[in-house]
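K.L.:
This is what each chain is made of:
Protein chains: 2
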Amino acid sequence: MKILVQKFGGTSVGTLERIELCAKRVIKALEKGYKPVVVSSAMAGETDSLIELAKKVHPRPPEREMDTLLAVGEQKAIALFAMTLNKLGYPAVSLCGWQVPIITDNVHTKARIRKIGISRLLSLIEEGYIPVVAGFQGVTEDWEITTLGRGGSDTTAVALAAALKADCEINTDVPGVFTADPRIVPNAKKIKKISYEEMLELASLGAKVMQIRSVEFAAKYNVRIHVRSTFSEEEGTWIVPEDEVMEKVAVRGITVDTKETRFTVVRVPDKPGIAAEIFKALGDAHIVVDMIVQNVSHEGYTDMSFTVNKTDADKAEEIVKKIAQKIGAKEVVRDDKVAKISIVGIGMKSAYGVAGRMFDILARNGINIKAISTSEIKISCLIDEKYAELAVRALHEEFIEEMEEFETINGKNKE
Amino acid sequence: MKILVQKFGGTSVGTLERIELCAKRVIKALEKGYKPVVVSSAMAGETDSLIELAKKVHPRPPEREMDTLLAVGEQKAIALFAMTLNKLGYPAVSLCGWQVPIITDNVHTKARIRKIGISRLLSLIEEGYIPVVAGFQGVTEDWEITTLGRGGSDTTAVALAAALKADCEINTDVPGVFTADPRIVPNAKKIKKISYEEMLELASLGAKVMQIRSVEFAAKYNVRIHVRSTFSEEEGTWIVPEDEVMEKVAVRGITVDTKETRFTVVRVPDKPGIAAEIFKALGDAHIVVDMIVQNVSHEGYTDMSFTVNKTDADKAEEIVKKIAQKIGAKEVVRDDKVAKISIVGIGMKSAYGVAGRMFDILARNGINIKAISTSEIKISCLIDEKYAELAVRALHEEFIEEMEEFETINGKNKE
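Chains as they are written, first to last, in UniProt numbering: chain B, 1 to 415; chain A, 1 to 415.
Hints in this document: simulated from the structure, not taken from any laboratory. We treat Cβ as the ideally placed atom computed from N, Cα and C, and that holds for glycine. Just to be clear, a hint being listed does not mean it is correct.
As the list claims (entries may be wrong) - Some chain B residues judged to face chain A by a derived CB distance under 10 Å, without partners named:
#1 14
#2 65
#3 125
#4 128
#5 261
Claimed, not checked - Think about it this way: if two alpha-carbon atoms lie no more than 27 Å apart in a straight line, the pair counts; the simulated BS3-like pairs of lysine-lysine are:
#6 A:28 to B:56
#7 B:55 to A:28
#8 A:259 to A:337
#9 A:55 to B:87
#10 B:110 to A:87
#11 B:87 to A:337
#12 A:28 to B:24
#13 A:55 to B:24
Turn these sequences into a full structure, and let the hints steer you where they fit.
P.N.:
The following block contains the structure:
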């Protein structure tokens, strides 16, 4: 029995007409010999309007009740989805999270899945029904309704696929994952296959496509994901284990992030505990720090730079200025006009010269690098915001559009 | 522990402002020393718009999916209700039908309650929470969502009250049950106490107030019901066991029904099986027959009259004409312009002369009686539709407004 979990996002089920389109895609999978298990989000806009309603009642609605309220959106969608399949002549049965059951911990509004019962799903499939499961919802061991956090339907789909040992199809409103944001780089290409790790590092590209937590989940259980457009028959992007990505190009994609602010604490005494003091204070204030760069020290002093999300910048500035004074740093410099450009690819692990090549491309285009940070499969450079698009286009042209040429060089380098 | 089940109908929870009003009524009960258990309907209009949506998808949506869809309305309402209580400082917890659980049979869209778990409710109450239960919903032993049919929230409330051995308060948009329709009889009075039997016979008055099935349920388990307006502090009408209705007046209320059509099958051969043939055919066509009147026969022939709902009249006419021809009746006469006037009261059981007095009042007002039918606590007369309002007013004036005088007569009659 070849089960296929097919997930449809909020835009895909946004109207009754669109639900019918989705249902037809399910029927197509059935005709190809798959046993489909549908996972549906709430119809586009429903969740937002429920949240708005709750906020009118209570500035901070109890999270338990919030979950009960929000679960309504998916319940409505699955009933309509199942009705549509029935109308088209295919017996279908909707299941809420508690009916599957999808058992979670009891952290309301951002619960984690603990286990999934599959016997009911399997017997429905054997009896010839198409199960239509509510995304986003779960139930605790104590019969409390929980939800999995924004975009949680992706996690539902991946978890079901893991439990059923099936592939997972994510039907959404974009055709797949691209090598760069097509609005910036018109030549951006759809990626055919990408590893979980690459997908995670390409978060800023991928987040528009699917919830990052669900990719982590897929990586953990080796669930193969096919992200594709609900509104087209084209193949999308497969997100798969690393060993399945045959073509290990050095650079899979290029991202740009202009939502960060850089701070530099100038002339910090270079002694143990200083970094800890700064970042502990930021952590206590629930500020997420992204890049952290510290150079070698000169004469017992160093400069320390880091970036935070722009929305946290004012709070961060206040905190850091206080600490800077306390530890005797010279000053704190704030720079809001920065962009973080990253290149990502598992090929990097075994390819020499990728970083140097990146710096060279930026230099040739007259772009100064303000900070560098690297991981195994990602290199990020902080640059002046006004060069962001230019940088992405230049990097895309040389790393991706001239890929064949690069791969030869890469091959040579590997010798 | 003095538990009080407080049910709020759709209009009562129709807006967030109204939900707050309802929540305040719950808090008032709490302050009076009650432990309230709230039952809420869906916000006014929700259920209808969900049905409309389903009809757009499927001309006859599968009933199982219909239940899953409709259950959404109450789930939304209870979450908002519980949030409101929390905002006002009173910890509350919403419970869907399956969370209570309210176990039903598996007849989707009109399920019957089989049993109710009360341990979760009791421990919530003991921990200081106000449980807010979704009306209208249940769950089968197989974890299928069911609904109890239109107005099913009343049944939920009465069943919970029965299980918890509590009184049941029905908060609605009318102040109680009246002796007649106040639009016809401006002097109609609110009834203070009425027996289950009277309430059932006054269906046409009572149906605007609460679901008839829930009254049957209350009668079976002796649940005392207090029907009152959500928007007023006044006492409403208590629906109670017969032995609690101290004041056994002959006539508790007067109803009029103009939604029926009368048929008379003229000169029917008076032999066994004829009546059965007519009414079996109507039953097979799912036509509900109300009054049936047959007089003594003359020379082997009799006339047989019955009434059906106007919406079924055309279908009934076709069926009856066929059978009339077959059994050799003379003709079938149809009369659409009839009204059924009924007087109801448990006092009738022990009071002589009530029927005669009713006929006399009608005669004095020049109203001809076309058919009569009686039960232990109800007398119905079919009259010309144009006299309907006149008849109700005249009967109300003499039986209800002049009640004291009547009771003296009644007392005399009983000697």
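K.L.:
Work down the list of hints and note, for each, if the structure agrees.
P.N.:
Against the structure, the hints come out as follows:
Of the supplied interface hints, the one on residue 14 of chain B is violated, with its beta-carbon coming no nearer than about 13 Å to a beta-carbon of chain A, more than 10 Å. Interface hint at residue 65 of chain B: satisfied, since its Cβ lies 5 Å from the closest Cβ of chain A, which is below the 10 Å cut-off. Hint on residue 125 of chain B is violated. Least Cβ distance to chain A is approximately 17 Å, over the 10 Å limit. The closest approach between the C-beta of residue 128 of chain B and any C-beta of chain A is roughly 14 Å, which is over the 10 Å cut-off, so the hint fails.
Annotation: residue 261 of chain B was flagged as interfacial toward chain A, and the flag is violated, the nearest CB pair being 36 Å apart, outside 10 Å. With a C-alpha separation of about 23 Å, the suggested pairing of residue 28 of chain A with residue 56 of chain B holds against the 27 Å cut-off. Between residue 55 of chain B and residue 28 of chain A the CA atoms are separated by roughly 25 Å; this keeps the pair inside 27 Å, and the hint holds. A threshold of 27 Å between alpha carbons decides the hint, and for residue 259 of chain A with residue 337 of chain A the separation of about 9 Å falls inside it, so the pair holds.
Pair hint residue 55 of chain A plus residue 87 of chain B holds up; C-alpha atoms about 11 Å apart against a cutoff of 27 Å. Among the hinted pairs, residue 110 of chain B with residue 87 of chain A is consistent with the structure: their alpha-carbon atoms are about 22 Å apart, no more than 27 Å. Distance check on the hinted pair: residue 87 of chain B and residue 337 of chain A sit about 42 Å apart at the alpha-carbon level, beyond 27 Å; violated. For the hint linking residue 28 of chain A to residue 24 of chain B, the alpha-carbon distance of about 54 Å lies beyond 27 Å, and the restraint is violated.
Between the alpha carbons of residue 55 of chain A and residue 24 of chain B the distance comes to roughly 19 Å, so the proposed pair stays at or under 27 Å and holds.
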